[in-house]
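Next come the chains, spelled out residue by residue.
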Amino acid sequence: MNYIFVVLVENKPGVLNRVASLFRRRNFNIESLVVGRTEDPAVSRMTIVAECPNGEAAAHRIEANLYKLINVIDVQDVTHQPSVTRDLALIKVRVGPERRAEVNGLAEIFRAHIVDVAADSVVVEITGTEDKIESIIELLRPIGALEVARTGKIAMTRGQNDGVRRLPGMNGNQYDEMMMEMAEMTP
Amino acid sequence: MKMRGAEIVWECLTREGVDVVFGYPGGANMPIYDAMLNYPVHHVLARHEQGAAHMADGYARASGKVGVAMTTSGPGATNLVTGIATAMMDSIPTVFITGQVPSHLIGGDAFQEVDVTGITLPITKHNYLVMHAEELAETIREAFHVARSGRPGPVLIDICKNAQVEMCDFVYPELKLRERQSAPSPRVLLDEAAHLIEKAKRPVILCGHGAIISGAEEELMKFAVQTQTPVTSTLLGLGAFPASHELSLGMMGMHGESHANMAIQNADLLLAFGMRFDDRVTGVPKTYAPGAKKIHIEIDPAEVNKNVRVDVPLVGDLKSVLRDLLPLLGEYDHEEWKQEIAAWKAESDSRNIINWEDDGKLYAAHVVNDIWEATGGAALVTTDVGQHQMWSAQYYLLDKPNRWITSGGAGTMGFGLPSAIGAWFAAKNEEVWAIVGDGGFQMTSPELTTAVQEGANVKVAVLNNRFLGMVRQWQEFFFEKRYSAVNMLTPDFVKLAEAHGIPARRVTKREDAAEAIEWARKTEGPVVLEFSIEMEDAVYPMVPAGAALHEMLQRPMKA
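Chains W and L supply the protein sequences, listed in that same order.
Residue numbers for the first sequence follow the numbering used here, beginning at 1 and rising by one.
Residue numbers for the second sequence follow the numbering used here, beginning at 1 and rising by one.
Do not rely on the hints blindly, as some may be mistaken.
Here are some of the chain L residues that sit facing chain W, going by a computed Cβ distance under 7 Å [what the hints assert, rightly or not]: (1) Pro-122; (2) His-126; (3) Pro-173; (4) Arg-180; (5) Asn-305.
For the record, the hints were derived by calculation from the structure and aren't laboratory data.
In this text, a Cβ means the ideal position worked out from N, Cα and C, and glycines have one as well.
Based on the sequences and whatever the hints tell you, model everything.
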C-alpha cells in the first residue's frame, strides 16, 4: 500500500536530489513527491507518497534511511493519522463554445474553477483528494481531449495530531505511548 | 584573521588532529598543495588515487581516527570511488578532499570537470561542494564530525579552485550540526531482553564490527563471561573478543567455522552485537537460526529488521546499551550447550588441514599459520579479497581489536598493500603484514614504490596459486569445473620487488616458510615473500549460495 510521509529538510541546494537518490538506491518506489518552502525559509517540506509493499516494515526502513541524510530534520508518517491531503490539477479541455457550459456545470459540482477560456479550450483548476480529481478527469474526458498537470499530494495532520515517528530521539522526540505499547507487544 | 582558502583547509585539518594525509596533486588542488608546505602535516604520495583512498582507510581502521585522502578533480576524484565505496560499506571514518574547477565554470564541462558530489552521493555518508572560501571552515568542521559520529563513514568535500585562493576571515567555527541520536532504549525493552537472556538455554553472541567501533570489548567480555555465552564473530568483528578465549567460536558465515554455524542454527537466542545480518553471515534468511529469538543491539536504526526480523531491537551505541543491560543480568551457566558445541568443534578440528599430517604440499593455511606463530598473533594484518582473505581470517587468530584490516562489505581487491601502508602510519612500532593474493596484488602493486619512498615497514606475503582462486573455486563447485578467465599469468614477484629495491624471496616448500617469514621480520623496511601454494585448494567450510547456514561443504577427509 501507499504510505504518506511528511519530511522536513534543510532548504539547501541538492537536498531534493539526495532524497530522490536515496529512494532509487534503496529500491523504494515514489508515487509522488512534492516539495515547497515553509513558514521558515531555512526549511523545506516534502510530502512523499511511497509504495510500501510489506507495510510497516517498509515504512520503518524508509523513515530510518531518511534520517541517515544529514539534511533531513524530521520525518512523520501521516498515513494513518487524521489528516488533510490535497492534490491540485490544471485540466485543459479542448472544447468549443457549444459544450463549454457542460464543463462549467461539472466544474461547479466539483467546486472547481474555470481559470482560462480560449476559443477552443478551457482550463479547469481543481483542488481536492486524489479520488475527486480522478472523478472529474473521467467526466471531462468524453467532452474533449485533455491535457492534465497535477502537483501530487500534499498532506497536513488535523489539530494537534502529529504523524507517527518510529525513531525516537532522531529529532529530539522521545518514545511516545504508542511506541511503548508496540514495544510491550513485541516478543 | 584573513587567510586564503587553501590555508583554511590546513588550519582546519590540523585542528582536527590530522598529521598525515594520503594523496595526489593535480591542476585543481595546486593551491592546497602549495599551502601544505607551511603546515606540520606529512603527505604520502600514492601511485594511484585508489591507493591513497585505501591508505586513508587502513590508517583509520588501525588508529580509530579519521583518515584523510586528497586528490585533484576529474579522473583524480573518480579514481577514489572504489576506495570511498569500500569505506562506506565497512563504516570507516574517512574524509576525502577533492579539487574542483572554479565555481563559475561548474556545469560547463571544463577541463577535468566531473560531477564528483553527484557520483559519490550514494557512497558517502554525506558530501559537500564548496564554492567559496568562507564556507570552508564550517564545512570541514562538520565533515569530520559526520565522518566519526554515530555509525562512522566517508565524507567527501569537493573544493572549487577559486575557493582555495579567495581570501576571507578565518574563525574556527562552533559545530552547528543538529545532534542526532537515538533515544536510550526504554526500560521495557531492556527488561524484555534480560528476560530472554535469563530464559535462554542455547544462546550465542554474534559479534560485529560495531563492537570494535564502539570500543565495547570490555563490556562484551563481561557479558560473555557472566552469562557463559559463546561468541562468534563476523569477518569485521574479529579481534573484538579474544580468539584464544574458551568462549570464542571464531568466525561465522559463508566460510565460518562449522561449529560456529552449527551453534547459530541450533541456538534458542541470538545476541547480535553491532552487526547487520549481512547475506554472507546468514545464508538464506528464511532458514536462518529458525529456533532462535533475536536481540539486536545496533546503532543504525535502518539496520534493524532489514535482513532478519528481530524480537527485541535495542538501538544505540553498543557500549552504552551493554552498560544499561549488564546490571539487569544474573550469572548463568550453559554447560550442556557448551558441551554440544565442543562436540561440533572436535569434528571441525578433524577436518582442519592444519591438524593433518604433512603431505609435502604448501597450503595457504600453513603459510598464514606460520605468520601467526612467528608474530605471536600480534601483527596488524591487511588482506585483499578472495581465498587468501578467508584463510587469513580463519588462521590468523586475533586477541585484540583494530589489527584486522580487510574489505568486508565491498570486497575490494587490491586493498591489502595500500591499506597496510596506511595502517603502518598509525602503528609505526608494530608489525604490519599484507597478506595478498596474486590477483589482488597485481591491482595495486605500484604502491610498493610508495612503501619504499616512505620507508614503510610493511611485509607483503603474496599467496600465489596462479589462479583467481575464489572464482576458480566457485567454478569448480558450481560450474562443473569449467574454468573461465581464472588462469592468471603472474610476473616474477621476486624480480618485481627487487626492481622496487625491495628484498624478496620465493617459497615453494612448507619447510622453508617459517624461515623465510623470520628473515622478512628481521629485514628492515618493506619485504615481499611469494609463496607458491597449492593451485586448486579450496576454502572450507563453505555455505553455498542459496543454502542454509548448516548446509556447509566440508573439506573432504583424506582417504
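Going down the list of hints, with the structure as the test:
A distance limit of 7 Å between C-beta atoms decides the matter here; for L/Pro-122 the minimum to chain W is near 5 Å, and the interface restraint holds. For L/His-126, the interface hint holds, the least distance from its beta-carbon to any beta-carbon of chain W being 4 Å, beneath 7 Å. Interface restraint check: L/Pro-173 against chain W, minimum CB-CB distance 16 Å, threshold 7 Å, status violated. Given hint, L/Arg-180 at the interface with chain W, holds; its Cβ is 6 Å from that chain's nearest Cβ, closer than 7 Å.
Satisfaction of the interface hint for L/Asn-305 is found here, the shortest Cβ-Cβ separation to chain W being roughly 6 Å, below the 7 Å cut-off.
Of the hints listed earlier, the one the structure fails to meet is number 3.
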